[in-house]
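*Asks:* Residues per chain, in single letters:
Protein chains: 4
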Amino acid sequence: MDTVDALISAQGSLDILTLEEAQLLQKSSNSELYHLFRQCCLAVLNCGNDEDDISRLLARNEPFDVEIVCQPRGALLQLYNAPSSAFVNDEMILGIKESLFAVLRDIVYIHNHLLEPSNKNLKSSEITNLIFEILRHAQALIPRRHPKITVCWGGHSINPVEYKYTKKVGYELGLRGHDICTGCGPGAMKGPMKGAHIAHAKQRCQDFRYIGISEPGIIAAESPNPMVNELIIMPDIEKRLEAFVRLGHAFVVFPGGVGTAEEILYLLGILLHPRNTHIKMPLIFTGPKESADYFAQIDNFIAETLGNQAQQLYDIIIDDASKVASQAYKATQEVAIQRQDMDDAFHFNWQLHIDEDFQQPFVPTHANMANLCLSKNQSPDKMAANLRKAMSGIVAGNVKQFGIQQVRQHGPYRLTADADLIDKLEKLLHSFIEQQRMKLPSDKTYEPCYLVQGH
Amino acid sequence: MDTVDALISAQGSLDILTLEEAQLLQKSSNSELYHLFRQCCLAVLNCGNDEDDISRLLARNEPFDVEIVCQPRGALLQLYNAPSSAFVNDEMILGIKESLFAVLRDIVYIHNHLLEPSNKNLKSSEITNLIFEILRHAQALIPRRHPKITVCWGGHSINPVEYKYTKKVGYELGLRGHDICTGCGPGAMKGPMKGAHIAHAKQRCQDFRYIGISEPGIIAAESPNPMVNELIIMPDIEKRLEAFVRLGHAFVVFPGGVGTAEEILYLLGILLHPRNTHIKMPLIFTGPKESADYFAQIDNFIAETLGNQAQQLYDIIIDDASKVASQAYKATQEVAIQRQDMDDAFHFNWQLHIDEDFQQPFVPTHANMANLCLSKNQSPDKMAANLRKAMSGIVAGNVKQFGIQQVRQHGPYRLTADADLIDKLEKLLHSFIEQQRMKLPSDKTYEPCYLVQGH
Amino acid sequence: MDTVDALISAQGSLDILTLEEAQLLQKSSNSELYHLFRQCCLAVLNCGNDEDDISRLLARNEPFDVEIVCQPRGALLQLYNAPSSAFVNDEMILGIKESLFAVLRDIVYIHNHLLEPSNKNLKSSEITNLIFEILRHAQALIPRRHPKITVCWGGHSINPVEYKYTKKVGYELGLRGHDICTGCGPGAMKGPMKGAHIAHAKQRCQDFRYIGISEPGIIAAESPNPMVNELIIMPDIEKRLEAFVRLGHAFVVFPGGVGTAEEILYLLGILLHPRNTHIKMPLIFTGPKESADYFAQIDNFIAETLGNQAQQLYDIIIDDASKVASQAYKATQEVAIQRQDMDDAFHFNWQLHIDEDFQQPFVPTHANMANLCLSKNQSPDKMAANLRKAMSGIVAGNVKQFGIQQVRQHGPYRLTADADLIDKLEKLLHSFIEQQRMKLPSDKTYEPCYLVQGH
Amino acid sequence: MDTVDALISAQGSLDILTLEEAQLLQKSSNSELYHLFRQCCLAVLNCGNDEDDISRLLARNEPFDVEIVCQPRGALLQLYNAPSSAFVNDEMILGIKESLFAVLRDIVYIHNHLLEPSNKNLKSSEITNLIFEILRHAQALIPRRHPKITVCWGGHSINPVEYKYTKKVGYELGLRGHDICTGCGPGAMKGPMKGAHIAHAKQRCQDFRYIGISEPGIIAAESPNPMVNELIIMPDIEKRLEAFVRLGHAFVVFPGGVGTAEEILYLLGILLHPRNTHIKMPLIFTGPKESADYFAQIDNFIAETLGNQAQQLYDIIIDDASKVASQAYKATQEVAIQRQDMDDAFHFNWQLHIDEDFQQPFVPTHANMANLCLSKNQSPDKMAANLRKAMSGIVAGNVKQFGIQQVRQHGPYRLTADADLIDKLEKLLHSFIEQQRMKLPSDKTYEPCYLVQGH
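Residue numbers (my numbering), protein chains in the order written: chain P, 173 to 627; chain X, 173 to 627; chain V, 173 to 627; chain S, 173 to 627.
If you are wondering where the hints come from, they were derived from the structure by calculation, not from laboratory data. There could be a bad hint or two in this list.
In this list, chains with the same sequence are indistinguishable; a pair is considered to hold if it fits within one copy or across any two.
[Claimed, not checked] List time: in silico DSS-like cross-link candidates among lysine-lysine, alpha-carbon distance up to 30 angstroms:
{"hint": "1", "residue 1": "Lys336", "residue 2": "Lys611"}
{"hint": "2", "residue 1": "Lys340", "residue 2": "Lys461"}
{"hint": "3", "residue 1": "Lys616", "residue 2": "Lys452"}
{"hint": "4", "residue 1": "Lys554", "residue 2": "Lys339"}
{"hint": "5", "residue 1": "Lys339", "residue 2": "Lys461"}
{"hint": "6", "residue 1": "Lys199", "residue 2": "Lys295"}
{"hint": "7", "residue 1": "Lys199", "residue 2": "Lys340"}
{"hint": "8", "residue 1": "Lys502", "residue 2": "Lys336"}
{"hint": "9", "residue 1": "Lys611", "residue 2": "Lys596"}
{"hint": "10", "residue 1": "Lys340", "residue 2": "Lys611"}
{"hint": "11", "residue 1": "Lys548", "residue 2": "Lys461"}
{"hint": "12", "residue 1": "Lys495", "residue 2": "Lys339"}
{"hint": "13", "residue 1": "Lys495", "residue 2": "Lys336"}
{"hint": "14", "residue 1": "Lys339", "residue 2": "Lys611"}
{"hint": "15", "residue 1": "Lys502", "residue 2": "Lys461"}
{"hint": "16", "residue 1": "Lys599", "residue 2": "Lys336"}
Here chain P stands alone, though its shape is the one from the complex (with noise of 0.2 angstroms):
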């Protein structure tokens, strides 16, 4: 692979660390801090090569290696063996340059104010205040800007129709002046921006975000593309999912795997909450018209497990990305007057409930995954936060260091579930391995990470 060296230096103000600060990140004084941060450089730096088999990147990449320079003017950071295809004319494109030192704002901020013991048992309104300063740090709360966050979930592998298709619904969306928020990695996390990029030229709309919102967890696997302006870590899963939540205005999920099932189980589980029946979110499920047969499955699945009022919470439109648009423009006008009537924030979402069960980390041990309830002995909202888990589990065992190492020491992780709903996971699981939604295509067969099995 081609590589080379460079001594870069920051963007905005974001490189007045203190010499502390930048301390913290040196190879030597905290090895597991300096992993992360390197691990997290290097998925931004490999923006554009998609590639979601971690070990390979991080083999191919192993000389990669990057050093805080301290200087009292400002950090500087030193890469060795960085991918070249980062730079242009020996200068780093500006969107990498940007998502590097986000990427080191979010990572020294989080070990300042949130790691320390006191902040190791966290309630649940303490969580959300969590998620609410580290946004504010990274600037992405912004007061009074008129709600039109869409927020675009679906899969990272996705078919070229599909991917067209995001970035369809993305230019009509853009079209309308909304503001896309993803992943931040490729598929249905890349096309929407894309799209709404072309349509904003248009517009002659300069203001535009692009929000990317990523965890240290995945973000080797989903590496953020440089259209994202703002590239945002949080510490989990968990977090990621409730700024996902507090940020946006409108959601629109397209095709995608267990980690798109994850979104739709997490978001239906809150608004499925009584305390949040009032609050308008509206949340559309969108594809091309062969992604039809797609959608019914998953509305079956809905249906099943989580009942029909969990239906009443989505539409589902099928190949009309000016449809989706226009529905999605009506709906964020009414979310407007709704967070004015309640003297709620634009810039974040307060009024919603989120329990403490969708906001706890959930660690996908082998005893974890075991002991997860998948029975349908309990209510809606609690189904989706265990189905919820089932499904970050997967995904970890996909495509997370944690997960693959858990199962490769392990065998693939046993769900129990009732003899129910085996089936109904098993064949809803099974069309994400058929359709290659699991995993991005590759030369080796995609082997299952879990059992589904009876009490």
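Guided by the hints, dock chains X, V and S onto chain P, whose structure is given.
*Replies:* Chains X, V and S alone, transformed into the frame defined by chain P:
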């Protein structure tokens, strides 16, 4: 067709016409000027609906009408039966609106300042002054901006592989900070802007220029893409071509048909003039690997008609977008140095000598076409001038209203050429037909509007 | 005097003259135009050195010279023996540089477009169109900007108490967001801008406009303060006055001399015209408490010459800057509503009718002055028109080169008035002399350039 | 006094407090913090009403109250009985509003981050880190901005001649592009900003910085001028002084009283430290010609107490504003070079060593004042440190609430000095009294809050 009526008030400062100027464009006061204005408006409003069959376009939009509503506070445009595709949420797409008023600006200016009797028979230097004044009035001359305008030429009717490649080249140019200037229609005129725009986002570049230069005769067939953020209407094709070469710092040619051949011959003809041999004007022919033969043929045609010296004036780069861009980048650095050394402006290439033969409008009547000297008994630059006119006439016969009428009345144009040349010319033109470069593919078979014959 | 030589390149886009235009201003090509240009440059460069004795100024700056250096890349100005006060750290103060190029812009434009033979004998509406075109070319017409231009008139020669008060009024206007427009010389033309600028800082207003409108005949005696960020040179005093009333939304008059009297008579004369009686033009006379008598006298003179109706057109507010500003603020809100109701522009008062008698240049020869009809046997607006001319002539005799020469050759101007009027006029003019409002105080005693006599 | 009630929503992004943070400042939750906040608000709102008699100010504003209204969409401030001078057209002057929220920002930040137990006993480098963090949080550290912050020190109580001169120096600094940083009260803290602002307008400079650094103890007596566009509240006088010297690139001292003496002694004490001798910190004492004696006396006092070496650290320039500015300009160019050579930041002077003795808060109790070692038996930098504390105590006794209370309870502070020093100190202080520099002139005679006595 879906249409709407709308009353449009202007963007920017373009709306401050005097009452007199606004009167000019009333249907009643000057039917010719009004007609021209209506047609240009229509073209702008139809952007995106790629179509080069002017009669169809006009027929379909027959009920369309535009009226200038004079008000002291500025002119308003009242549109009747305008294509609804130009609107989103009942608002005109901003880029289209800007283009509409750019048309208004240029038509009024050209009328006021250039069509006076004293401007009827202009000499060479006066023509260049006119071009300067139109560009200055359109605020297209930006002093001291570093040379980085890349003019991209190529067909409006190209295949998907070629189109994708033009986007890739645009992307690589954008990464290097280049502005894009094209004829502002579809195909090779749109692709580079789209590609560049994605790259500009990644480089956080917000002052990019996407310059579209058109002329009344062609605009209907090459409706300006609203990504164009500077639309300029020149009075005729010769002034349009001169505007390209006075503004541009590097020239990239993609595959195309007779229009592209006209552009190539125009530029080569000028560069072959003894007074221009020292001037740096980087010129690159490029396309995907499937275009290799195409450019071999063009190269061959040039060699045989203009000679080896002409071949020295360009590079052919096949299937290497990044090389095209980095060569263009390096070359514009040298252009910058040369301009400074010669005390020439960055914003207007005053030094370039253009023979009057390339400047005086060529009207494609049958007589003028028949009289063209297509013989080897002339200097290469004269040969280029005459071949350029021949190509220009064929473009008119294909897609311009005047040419189409002439051909309908008098049959195909008859070009008379040296025996030697006939064959080469026919082969070239024939290949354009075969590759569907003459017109956008449609259900009608292309009927040649020309005949090449011996003396 | 301390002087420097300097080669100045232009700011903004003003430097893109054609080679032809640059030639225009060469000493050799048109000595009259060159002379005018040199004199305006000198005035701009001398800003701050308050002085209204033109011959002294010219004598002192005799060695000063300016030359346009023609280069394709734009015109440069070569200055010889320029006052060093215009430079800091060897760089010209930016505001002065902008003013220099504004002078260049307007002189070239006026020459190119207005001094053609066809523009020699203009009718009323044509004159208004010209004014519109000059202002548009100077980019002084900003569509849709909320009405807030306050024109401040008053003497260039005022005492420190009055000067301080003009700053206070400017400050209060600035707090309310008003733009300031003056004749751009010292005294009452400078104070309001300084005051407003401090207030604009406190209000964090950064798009303030400090518009200075001058004319070639007076600019030498009223050198533009570099706080003026939009300097406009109109062709003569009548067009300058019309520019004020077409641009302004509210009018504040401070104490002054004959120039101020001219302005008051001009505006009252127009407002008295039957076609203008419905138009809102807020007009306030104001000064510190020491000026109470002064305005009583003016008020009295108006009553006796133009009648009670004229007195209804203004308010006199003594020593209450905040009241002046809040009244101006409220009045401009009403102007905004009226403009909208009448479909008139915010940026140009098209509705205002101005009689040709107020528009045609009045040349202060002795014959013209002697022929002025200063008799009560005329309508108030005619009376205002003639008194305005008389004042205009006296201004010329005091500080304009043409007038001074006339008076030097032929002795004082002789005005012929009704017995009744003689006394009033003399008293008024005499009070201006006593209060040192005719010229800036100097070691020379003021010698009247006029005589008022009976029929 | 004229007062109004008003509900104020925030400017910029300052309003996005967490609900917790907003709670902090409720009257009920923390009366001490609330009290501090109320007092700072009052100071900000009273800007312009120059007054340093805190008890009067407080008495007059007794009915004033401020309440934070917690709303999810951001904190609002409800003001009761606020001085109406802060409003125009029922809207708060924007600069005052910004200052209000700057106060809010800093008080919350200081509370949250600095007043934790772990921050109670900070060591030298920790204090510097704190200062860096407060300034960073206030966005006052702007990396890579060219060094041009001129710190202007001098009295709040100066005479009109001196005040006019501070404006002139500010004007000349502004012409050279300098930013101004002061203690943000009246007198010498306001004049330079006003002057600079006029010059910045002439130089078309719009990104000027007028930085005001205050602290809770003094802010009531030195209400921040709303021209200050960056208001920063440091926790105490020592941190405020350190902020000045870490941020500033050049230092200009105008005539003043004990506060100014404190500032001079602070800076000289630091510069005399052996570790700082190589650091460039341009320091100029200046005033109108009437101040010549004043500075001779200061110079003499320095010579006699700190020695000749200290005299080498500053220049005295009398009555030459332009020389002051051009010397400051040249010196900051050298500072820029030195910072680059030493790899130090432009935005924070990390290299400067500050002894803990200058950093630890000095609390002006009678015991602490009495214990100060004012003897010649110490190194010049120690002597400076102790004299600085003495001056600081007297400032407190004059205008700070804490000091005034101490003196009211225990009588004047008693300073014990070497026989030799007594005389010099008394003479200096006495001259401050005579020249009315201790407090703003009022109807009360100044009563010294100190006694100087021998051992």
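*Asks:* Does each hint fit the structure? Answer for all of them.
*Replies:* Going down the list of hints, with the structure as the test:
1. Lys336 to Lys611: both (19 angstroms within a copy, 27 angstroms between copies)
2. Lys340 to Lys461: both (13 angstroms within a copy, 28 angstroms between copies)
3. Lys616 to Lys452: neither (43 angstroms within a copy, 52 angstroms between copies)
4. Lys554 to Lys339: Neither, since 35 angstroms and 49 angstroms both go past 30 angstroms.
5. Lys339 to Lys461: Both: 15 angstroms inside a chain and 27 angstroms across chains, each within 30 angstroms.
6. Lys199 to Lys295: Classified as between; 27 angstroms across copies, 33 angstroms inside a copy.
7. Lys199 to Lys340: neither (44 angstroms within a copy, 39 angstroms between copies)
8. Lys502 to Lys336: within (24 angstroms within a copy, 34 angstroms between copies)
9. Lys611 to Lys596: within (21 angstroms within a copy, 54 angstroms between copies)
10. Lys340 to Lys611: both (24 angstroms within a copy, 27 angstroms between copies)
11. Lys548 to Lys461: neither (33 angstroms within a copy, 59 angstroms between copies)
12. Lys495 to Lys339: Classified as both; 14 angstroms inside a copy, 28 angstroms across copies.
13. Lys495 to Lys336: both (16 angstroms within a copy, 27 angstroms between copies)
14. Lys339 to Lys611: The answer is both: 21 angstroms in one copy and 28 angstroms across copies each meet 30 angstroms.
15. Lys502 to Lys461: Classified as within; 23 angstroms inside a copy, 46 angstroms across copies.
16. Lys599 to Lys336: within (27 angstroms within a copy, 38 angstroms between copies)
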